[in-house]
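**Student:** As a plain string of letters, each chain reads:
2 protein chains.
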Amino acid sequence: MGMRKIFRKLATVEEAAAVIRESFTVEDFKVELIPLTDALGRILAEDVASPLDVPGFDRSAMDGYAVRAEDTFGADETRPVSLRLKGRVEAGHSVELEVSVGEAVEVSTGAPIPRGANAVVMVEYTMENDGAIQVFRSASPGENITSAGSDISIGEVILRRGSTITYREMGVLAALGLSQVKVYAKPKVAILSTGDELASPGSTLKNFQVYDVNSYSLFAAVREAGCIPIMMGVVGDDELKFKSSLTKALTSSDVVITSGSTSAGFGDMMYRVLEELEPGSILIHGLSVKPGKPTVIARVMGKPIFGLPGYPASAMTIFNLLVKPYLASLTRLQPPGGSVVEARFAMKLVKALGRRELMPVHVIREDGGGLVAYPILKGSGAVTSFSLADGYIDVPAHLNFLEEGEVVNVHLYSPRLKPADLVLIGSHCPAVDCAVSMLINRDPSCRVKAVNVGSTAGLNAAVRGEADLAGIHLLHSSGVYNEPYIKNKPLQLVRGYNRVQGFAFRKNVSFQGFDDLISGRLTFINRNRGSGTRVLIDMLLEDYCRRANLSFRQAAARIKGFNVECKTHSSVASAVKTGKADVGVVMEAYAAWYDLNFKPISVEEYDFAVRRDKVNKPEVKAFIETLKSDEFKVEAEARIPGVTVPEDAGEFKL
Amino acid sequence: MGMRKIFRKLATVEEAAAVIRESFTVEDFKVELIPLTDALGRILAEDVASPLDVPGFDRSAMDGYAVRAEDTFGADETRPVSLRLKGRVEAGHSVELEVSVGEAVEVSTGAPIPRGANAVVMVEYTMENDGAIQVFRSASPGENITSAGSDISIGEVILRRGSTITYREMGVLAALGLSQVKVYAKPKVAILSTGDELASPGSTLKNFQVYDVNSYSLFAAVREAGCIPIMMGVVGDDELKFKSSLTKALTSSDVVITSGSTSAGFGDMMYRVLEELEPGSILIHGLSVKPGKPTVIARVMGKPIFGLPGYPASAMTIFNLLVKPYLASLTRLQPPGGSVVEARFAMKLVKALGRRELMPVHVIREDGGGLVAYPILKGSGAVTSFSLADGYIDVPAHLNFLEEGEVVNVHLYSPRLKPADLVLIGSHCPAVDCAVSMLINRDPSCRVKAVNVGSTAGLNAAVRGEADLAGIHLLHSSGVYNEPYIKNKPLQLVRGYNRVQGFAFRKNVSFQGFDDLISGRLTFINRNRGSGTRVLIDMLLEDYCRRANLSFRQAAARIKGFNVECKTHSSVASAVKTGKADVGVVMEAYAAWYDLNFKPISVEEYDFAVRRDKVNKPEVKAFIETLKSDEFKVEAEARIPGVTVPEDAGEFKL
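Protein sequences, first through last, are from chains A and B. Mapped onto our numbering, the consecutive letters of the first sequence carry residue numbers -6 to 647. Mapped onto our numbering, the consecutive letters of the second sequence carry residue numbers -6 to 647.
It cannot be assumed that every hint is accurate.
Because identical chains cannot be distinguished in the list, a pair is counted as satisfied if it fits within a single copy or across any two copies.
Straight-line distance between alpha carbons at most 25 Å, and here's what the computed SDA-like set of lysine to any residue pairs gives [stated by the list, open to error]:
#	residue 1	residue 2
1	K570	L171
2	K500	P639
3	K553	G67
4	K317	K411
Keep in mind that the hints were calculated from the coordinates and are not lab data.
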């Protein structure tokens, strides 16, 4: 199993980029002739020389009268010249008339200039009367005449190979009479996800499967890069099937992207299959960059295969770093502007020395308009850390920390991404979702980012300024909710609403209280430390211990599952529903939604912490107004069991 | 004909925008369910709440061993803990195994956690040996376990109505198992061009027609705005046909855009038809902004009709100003970033007081990276002024000039537009086209803008810095080309090449020299003053006059057509070919391409003026290198009759 050691020779990103450049030469790529109406955003594959003069004839640039300029010399407001009106020519019509001395012909904009005339007098400087016109201004030769070929002359190269076709180029091609245009063909990129645990969206999950994310995000990113994505679907950890899918992908496309199954720990299938398809095909066996270590680059049948890591955030980072620039060299598309933005780094952060790190960040617009970049500290395996990330910052190997306030370049994942206007970080609650939806309904241009990390982490984010608002429900030993936790911090507290917390258990389970847990008859499932619900559980257990004359340590040791923590109401309800545990603490809504029995413990206060200097941010004010609204009370109480919105919702408590 | 006076009540742009807002309320627009793979760039029409927990079970975040954390407490490098290896679980497979005291189960990343285990030890901190593992580090409860719902919890609103779907949102929707998504339907926009003079690209031009530009540039702009353009084609100035096309457009679309036939001078057809379709339908009868005066806005069947001016640049300016924001309110698309850029205004420019002006500009990147905006002084009727314009600056009515160096906001017509890297302004020559093509072949990322305005105007543009290079061929009375014209200017002169100029005439015409023109037997066609060719003609005629003892004035008066000027070689050749004139002066290539007889006059020198401070700009150097290349000599001499490239091409003459 020498393969396991493959990551010992990691390549740098620069080395990998050089390998790509040298191994996959971009020859003159395929060219195709397409209808002009399909050409928006495509790249011209040839110089376009005009096949004709534009205009093809001398024409009037104005509505007015075609005259001999000489006949009007000396005319002014007081001494108009009178000319005989010989007739009229409209745009698009032939002209039989000729202008001789003392004559004029009425012309519309775009009409051909009659023989003999060498100027057009604008209608504003004339008066028509009984078959004659008075001209009040002298015209100079050539005035208001667009001469043949003066706009575009025959044979003139008017558009260049390599130009992007915008609406402007579409207009110019139309002006030349071209209804078709030669552009570079879009490269075809096959996309393949690997792993027994993956199911395609739209199908039903089997036990212990998750849905395939990478096929879809890569599909979109490949299309955004101007290529044609070909979805090859999911292939399990089956060597023969993988080999046949890869072969099919290679024959039907110009480039192949796989994701997953590149980790060295389990399943070296990827390496074996590539070696079998073409010995020596593997060019890169891993990268010395985080994330992205398990990246494989190979050449089979002369075509590139990019094997990306399985985690969505890692796969997309390596796609942006190495695959996208390669695709751009094929498509000739200029990278869209504005994809790198400057931001202040939000905190001091220590990283490992000696390894380049592409650190995913999310970007927030401050009140003043500047941007602040926050590192995403959740693991790269999470879909939400992927969905939160706006881009990454590139931290060189030789650095081991980033300073707070340091100016960094954020490489945006997509030019379509915009910084959020309002950021909520804290404890998850469906009532917050409800308020945010209302806010957006009122102002659809408001971009809200909501991140669920629990009360304590939310409070810290509010102190750092990362969160505009932090939803918290933290019970203090004094019996008071939230207020004691924001004292001595630069925060204010906005009243939110109340939620009922309690024990949830399956309908066929009999549960009275802690006795049933201490006895070991039922298995508990706990919440993570730092969450508001865990604070509640620990206080309840302390109360119980005082009454039962037990130490907290003893009680905790006796409760089966007390050390098994999970992070959400959902997770607790799901564990109870599936029998993994028998009892857990959740808010009433989740017991109802999972169809579980519910034994209420207490009514807790869910409020919002906001940093003092953010109180007047317009989006924060709008959110607070929403909390105050009747509509919010009606909606939240109707939709979320156990939630009640008090009179003073939206008021400042501190 | 009261209609003619309609422009007396012009609306301001703000008034027009208010009329649009009030008359066309944006109700909840149509929603459609589309496959996820079609969703890139679309706008979510509903909040998306997760139908499931992600992950749906507790899973391993690493390759390693599932253990009871308690069993590992105290383990370190020197005192490893030994656990019995009970088996292995791979991602996507069911787990029958349970972990009891002193046991471990091997797990791959993504595999479900066996019952009893509450932590995963990474493979790096273990050693496997004979059915047992040594653990070299103690694990804490929950370590390396992603618990059910910790990423996304069931019922959590994970994407919001109004969000743009980037590859990130595509990935998130896939993670939720959704293969379809509800988005706002794209508005359908019908596009109609009017005018007898218009022909559709791909068809053959009839006499005095030009190709329809607006249908195609509007088609592209409407698509770029996220709508579905419906091409209705060209309708002539025929009231019945126009009425029927407009009715068809209204029934098949949500919005109608027409262009042309809105001018008040000729053809009030547009007004009459709108009044007939629905009395009182016309809301706006013209705008007090330049360009865009002849703009009509009407409401028929409750739908908006935007009647834009016929000139391409005017039509697109009004589209950007009024139609695009309205379409954005329908699509909910955020306007793409970077569409307004700051630039220095290049010169002092006087404008009319009292009228707001949307001044088309082109934007050049300076050596330092800053942008300079140059007004486009060619009329809005020209396709090339349209193709040259990158955007416009909005000059308020109360200003009557712009200062040189003033910082202005340029509203880019399309976010796809990029400032040019190299700008050539001067006399048109096919050999310049040839050199530029070679330059781009070598560096496809180099964006070149070439503008043909004649030698004198090019020289002025080079002095102002607007042109990086000006192609000139100006004969001085001393008999020397070009050099005398750049003396006392901040310019240097780069040697170009030679071209043969001469008289062109139809093959059935007999022409010997000026005698045939002075006699009045043949009609001449002249070039515009300021062009290099006109300078040559005037000098030749002066020579002739000295010999013939005539004054220049007398000679000019005797030559038929001497006052008929046109601006290009093409235009002269075309006039001669079609019999509008008999003789003109062109470079040899145009006589050959138009199949005309050619009588050489002189070999002229075509050189390039460059401002001293631009000599070291990389793109200027690259262009000069191209002139020096053998390839240019071979290509230019083979392709362009009468051009010879001398030994010293590309050398500095001054």
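**Student:** Check each numbered hint from earlier against the structure, then list the numbers of those it violates in ascending order.
**Tutor:** Violated hint (a single one): 2; every other hint is consistent with the structure.
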